[in-house]
Structure formats: structure tokens, C-alpha cells
Amino acid sequence: MMNNLYDIFFYFFALISLASAAIVVFSRNIVHSAFSLLFTFCGVAGIYVLLNADFLAVTQILIYVGGILVLIIFGVMLTNRIVDVEIKTGTLQTLPASIIVAMMAGTLCGIFYVTDWNSVRETPRLATTTYRLGELFMTTYVLPFEVASIVLLVALVGAAMIARRDKKSTYISPKA
Amino acid sequence: MIPPVGLTHFVIVSAILFSLGIYGVITRRNAIMVLMGIELILNSANINFIAFARYGGMRLDGQVIAVFVIILAAAEAAIALAIVLNVYQRFNTINVDEVSKLKE
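Residue numbers (the working numbering), protein chains in the order written: chain A, 1 to 176; chain B, 1001 to 1104.
Everything labelled a hint here was simulated from the structure, so no lab data went into it. Only a predicted model underlies this, so the values are computations on that prediction, with no experimental measurement involved. Ideal Cβ positions, reconstructed from N, Cα and C, are used throughout, including at glycine. Among the clues, some could well be false.
To be verified - Coverage of chain B stretches by chain A, computed from C-beta distances (three or more under 8 Å per stretch; other residues unrestricted):
no.: 1; stretch: 1004 to 1011
no.: 2; stretch: 1050 to 1062
no.: 3; stretch: 1066 to 1074
no.: 4; stretch: 1080 to 1089
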């Protein structure tokens, strides 16, 4: 019975994330795409919970939904003329792209399906992963952790520098 | 009879998510749509890492890598949107086909 419930939740979250990812990709309206991305991220967070990754699920919600998605919506709002009622985005070479992507998806799924995974035994459920993750970050992975924090700092400072509006130049091409 | 959910189910979901992301990246001309495709691809990679962390007997190492992927995705989104805003101010479009010059 417990297993059944797990399966039902898995299919529920998988359906949410895949259907909304399809809307993200196939919708012609970029605002619809941006909002569908919200449901994709939430569905993926649900899959993380099913995979025993509670800390990562919360991180996913906080960083993807709270940070990256807001940034993307900012980008949409700042780079499209919102006065246009229809915010369409063009596509190109849809047919060859669909054929290639369908072939790739079929190949990947087929390989994943037929592969006899070496160690599919389930690891025992941990009560909570946050404590162990923090321990790992401060011991085994302390160098990558520090490097990642520097990368994030540099990236954010760089982004602020790039995006800042320069007062002196007026962003009209010099020849014009 | 559907087999109980296991590693295969999770990696197949991630494969489909990855293919959708690739489709978005190669068919869209709007730079922000390309970014959304990249976010889908990163999410599918993360699902793989965490699924193998649980079913592959690696305990928490896969989850640690997934945290690093999320950190890099945040940095990438910030930088990419700064670049997109600059490109929009300079070229007045974010169609990636029309932005073909690095320098005017």
C-alpha cells in the first residue's frame, strides 16, 4: 500500500514536470513559458522529495523558483515591449529539430530501459539529509564549496557590473 | 502490470526533460527562451545525480554535486540575463539570429 502511494506520487510529479516543460518549450507566448517553468521546477522538487533529498527540494524551491525564475521573468519584462498584447517568440527549423530530438529521446529512453543497472538496491532511508550534507560540505567537499562561493560572488558582482547602465555612453552605435 | 517505480523511471523522466530542453534551445530564437531550455537541461541532470545518489549506493555524494549544479545555475542565470539586457539595449532585439556581431 505504501509502495502504491509512492508510485502514485511519482507519476503525479513526473506528469506535472513533463507537461509543464512541454508547455515551456512549445508555447508561443513567452510569458506562458515563464510561468510554466514555475510548475516544472515545483514538480522536479517533488521528485527530489521522492528521492530522499529533502534539503535539495527546499533549495530547488528557494533558488530556482525564488531566484532564477524571478530573474527570467525580469528579463522577459525588460526585453519585450509589454504594450504589445501578444508577446510571441519565433521558432525556426521545427521539423528537423523535432525529428532529431525525438530520435535522441527514444535512444536515451531505450538505453535507460534495457540497461541492467549494476546496483539498483535501495540505500536505507536517512531521516534527514541536511545534517549529513552540512558535514560533507565542511569536510570532504570543503575546497569545492569555497571555490563555488567565490565563483558565485564573482559572477554576481560581474553581472551587476555588466548590467549597470553606463551614464556616459548612450547605447546608440557610434556610427549612427 | 507496471513495475514499481525504480531508478529506470527517474532516469527516463530526466531523459525526456533533457530532450525537451534541447528542443527549446535549438528551435527558439529568443535568448530568454534559450535560457529556459538550459534551465530544463540542468534540472534533468540534477534528477540523474540524485537518482543515482539514492539507487547507486553513493549515499549523499550525488546530492552534494547537485547542490553545486544549482549554485552554478544561479550564477549562469545572473550573468546570462545581464548579457541579454545589454544586448537588448545595444541591438534593440534579443533574437539570437540577428545578434551576430561582437563589435560594431
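We went through each hint and held it up to the structure:
1. A count of 8 residues in the stretch 1004 to 1011 of chain B with a Cβ less than 8 Å from any Cβ of chain A is obtained; the coverage claim is therefore met, three being the minimum.
2. Here's how the stretch 1050 to 1062 of chain B fares: 10 of its residues keep a CB closer than 8 Å to some CB of chain A, so the rule of at least three is met and the hint holds.
3. As drawn, the stretch 1066 to 1074 of chain B meets chain A at 8 residues by the rule of a beta-carbon pair under 8 Å; at three or more, the given contact holds.
4. Interface restraint, the stretch 1080 to 1089 of chain B with chain A: holds (8 residues with C-beta to C-beta distance below 8 Å; minimum three).
Violation of the numbered hints given earlier is absent; every hint is satisfied by the structure.
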